[in-house]
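*Asks:* The chain contents come next:
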Amino acid sequence: MSTDLEKILRPVDNPAPIFPPKYMTLAGGETLVIRQVDRDEIPDILPHVEPLIHVERDFYDIVAARVYAELLGYYRYRVQDEYVLVAQLDGELCAVVNGRRFNPEVGVSLHTLSLRRGLRVGAHAFAAKMEYHFDYLKQKEVLIVAESPIGFRRWMIEYKLEKRFETPHELGGVPSFALTREIFERVRPTLLTGHRPVPANLLAKAKAKIMPPSDPPKPPMDLMAATRSQSDNTGSALLLQRQVLGGQPKAVAKPKKAAARR
Amino acid sequence: MREVYVVGIGITSFSRLEYPLVEIAGYPAMMALKDAGLSSVDHVYVANMGAGRLNKQTGLASAVVDHLALTPAGAEAIENGPASGASAIKQGYMAVASGLHDTVLVTGAERMRAANSLETTDFVATLTHPLAEYIYGVTLPSLAGMFTRLYMDKYGVTSRHLSMVAVKAHANAMLNPFAHLHELITMDGIEDGPDAGTNNPMVADPLRFYDCCPVSDGGACLILATGEVAKKLKKPMVRLAGVGQATDTHAVHERKDPTEVTAVRLAAQQAFGMAGFKPSQVDVAELHDAFTILEIVESEEAGFFKKGEGHKALEKGLTKIGGQIPINTSGGLKAKGHPVGATGVGQAHEIVLQLRGEAGARQVKGAKRGFTCNFGGFGNNVVCLAFQREG
Chain U
405 MSTDLEKILR PVDNPAPIFP PKYMTLAGGE TLVIRQVDRD EIPDILPHVE
455 PLIHVERDFY DIVAARVYAE LLGYYRYRVQ DEYVLVAQLD GELCAVVNGR
505 RFNPEVGVSL HTLSLRRGLR VGAHAFAAKM EYHFDYLKQK EVLIVAESPI
555 GFRRWMIEYK LEKRFETPHE LGGVPSFALT REIFERVRPT LLTGHRPVPA
605 NLLAKAKAKI MPPSDPPKPP MDLMAATRSQ SDNTGSALLL QRQVLGGQPK
655 AVAKPKKAAA RR
Chain S
41 MREVYVVGIG ITSFSRLEYP LVEIAGYPAM MALKDAGLSS VDHVYVANMG
91 AGRLNKQTGL ASAVVDHLAL TPAGAEAIEN GPASGASAIK QGYMAVASGL
141 HDTVLVTGAE RMRAANSLET TDFVATLTHP LAEYIYGVTL PSLAGMFTRL
191 YMDKYGVTSR HLSMVAVKAH ANAMLNPFAH LHELITMDGI EDGPDAGTNN
241 PMVADPLRFY DCCPVSDGGA CLILATGEVA KKLKKPMVRL AGVGQATDTH
291 AVHERKDPTE VTAVRLAAQQ AFGMAGFKPS QVDVAELHDA FTILEIVESE
341 EAGFFKKGEG HKALEKGLTK IGGQIPINTS GGLKAKGHPV GATGVGQAHE
391 IVLQLRGEAG ARQVKGAKRG FTCNFGGFGN NVVCLAFQRE G
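Each protein sequence line maps, in turn, to chains U and S.
So this note's numbering is basically just the index in the first sequence, starting at one, shifted up by 404.
So this note's numbering is basically just the index in the second sequence, starting at one, shifted up by 40.
No lab work stands behind these hints: they were computed from the structure.
Incorrect hints may appear among the rest.
As the list claims (entries may be wrong) - For each label pair, taking beta carbons as the anchor points, the in silico distance ranges come out as: (1) 242/S to 494/U: 26 to 32 angstroms; (2) 347/S to 562/U: 53 to 59 angstroms; (3) 594/U to 82/S: 54 to 60 angstroms; (4) 175/S to 564/U: 21 to 27 angstroms; (5) 176/S to 562/U: 49 to 55 angstroms; (6) 444/U to 241/S: 33 to 39 angstroms; (7) 321/S to 564/U: 26 to 32 angstroms; (8) 222/S to 600/U: 29 to 35 angstroms; (9) 463/U to 142/S: 46 to 52 angstroms; (10) 608/U to 161/S: 41 to 47 angstroms; (11) 171/S to 484/U: 27 to 33 angstroms; (12) 411/U to 242/S: 20 to 26 angstroms; (13) 92/S to 616/U: 42 to 48 angstroms; (14) 600/U to 175/S: 47 to 53 angstroms.
For each residue, glycine too, the CB sits at the ideal point set by N, CA and C.
If we strip away everything but chain U, and leave its shape as in the complex, we get (with noise of 0.2 angstroms):
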């Protein structure tokens, strides 16, 4: 019994090609490998997505809660027609991208999350989820959103997307924008790239083991936090100077209101 309930809660069985992994040698000559990961991996990616939930940076914390969300999803069986294509080197995690079929013609875009700033590791994982639509999907378009400024300019204005407002985007319900094949085949020469066959060593090393991200997001730093929680922030720092030059901190004064409730 329960397992035909199962049945009824899981998406309809819709096998899609597959996406052919590739590599590339990024900015500072390191080799990135772009590979799709099957629901298997699933458990390997999550605990690095996880912590991003509390990087209240860049909007990392909604596009990791989504993404750790929409990753359990297709591990669980819980979302129609969904990939997941992942960024590596050297094994180690640098970018996850997903997105799912719509219908046969549309696809939709879900998220693009670095877990390595820089060197446009984010920009390559786009690229190839974009390639995947429509050079192995065949779709004609794909819907997207972006959840942050960074994902504006990276797509909305690099690949200078049409709107689609009357289409509310999956995510959020916000007004879609639309990365048609035209625009896709006229940014291809400059914003897609990637080699194929991945050398047998590289993609071993890749789906070895997915390494944790070395230097991946982290929360806001507060270089000062220590010496301005010892002193009021009106900006009369007296006290704060006289540590800072002295180099011992003072004892630190409990917050009358901590001690009021007390």
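Fit chain S to the given chain U structure using the hints.
*Replies:* Frame of chain U, contents of chain S only:
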């Protein structure tokens, strides 16, 4: 006039600093006070370009002097576009040299990343001519792109030369813990390899992604004092030996030859003239490379190389650390970062560090004379400084 010495320095990381602008100005100032061993100064200058617009804060100098508990010292903010930093140092120089004050603190600070990159690009573009440039959509990258194309056509500079500047800057920034970009890049990755086109896409033809500086937050501080004060503090004696400033037409197209950056030439000549040494005697320089082309151009206009030969010097490695005249050892604006109002102070900080022999892995051996070029507007307001180690 009295001689003026740099007796204290401080700096923040140039990156994204998510705390109030007043603290970005205050932190390096406290470090500089500590470095100098001072607890008060006579006057404070705060260099900043965007507080009113990007951070919705005016009267920044009053806030900073109070934050630092330096009241009742006089305080004022200096806004001169991206040359605000060196302009503020110039004001500090004049105050000490004239006898008005004995000790002056000059702190530069900017918090640009409080706004998104579109707003920031527009904010910086407001320094262009409002009726002849800005209203037509001109931005600094677009002006620099047109300038670069002219320079390429006239002097044979190529995209490859620009990439060489970027690779050098990123390599130097790897040696600077305060630099914004800690990313090694290679000629293969951004210029020669099969994926270089997508790694390094066009921004404003012919300038590409790695030809442009990042948008940074950051602060830097210098404390200037008389020779008498400097001797008492027992720090290495670095003298601010020369100051030069020149302007040019606001609209770039009104210049007889836009490839001639006359204001840099004149400001550098003034600075060297006052300092009493020649460009050929300079050991290390920080030039305002908001775009890679500017390092090449300024290296010529400042007198380090003949006009049109900066790119040839680059090819020969003369501007690398260990070369004839190391340029932008800090990583420059290109990789150290460009918090506009703080940039000129940051450049001076690097030179003082070098002349003190405290620049660590990027130290230029035996450096005794240094130079900075802080390029405001698009070459329409330039401040150059010359420094000399004594003793």
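*Asks:* Give a verdict on every hint.
*Replies:* Hints versus structure:
| no. | hint | verdict |
| --- | --- | --- |
| 1 | 242/S to 494/U: 26 to 32 angstroms | holds, 30 angstroms |
| 2 | 347/S to 562/U: 53 to 59 angstroms | violated, 36 angstroms |
| 3 | 594/U to 82/S: 54 to 60 angstroms | holds, 56 angstroms |
| 4 | 175/S to 564/U: 21 to 27 angstroms | holds, 23 angstroms |
| 5 | 176/S to 562/U: 49 to 55 angstroms | violated, 22 angstroms |
| 6 | 444/U to 241/S: 33 to 39 angstroms | holds, 35 angstroms |
| 7 | 321/S to 564/U: 26 to 32 angstroms | violated, 51 angstroms |
| 8 | 222/S to 600/U: 29 to 35 angstroms | holds, 32 angstroms |
| 9 | 463/U to 142/S: 46 to 52 angstroms | holds, 50 angstroms |
| 10 | 608/U to 161/S: 41 to 47 angstroms | holds, 44 angstroms |
| 11 | 171/S to 484/U: 27 to 33 angstroms | violated, 56 angstroms |
| 12 | 411/U to 242/S: 20 to 26 angstroms | violated, 52 angstroms |
| 13 | 92/S to 616/U: 42 to 48 angstroms | holds, 43 angstroms |
| 14 | 600/U to 175/S: 47 to 53 angstroms | holds, 48 angstroms |
Comparing the model with each earlier hint shows violations of hints 2, 5, 7, 11, 12; every other hint is respected.
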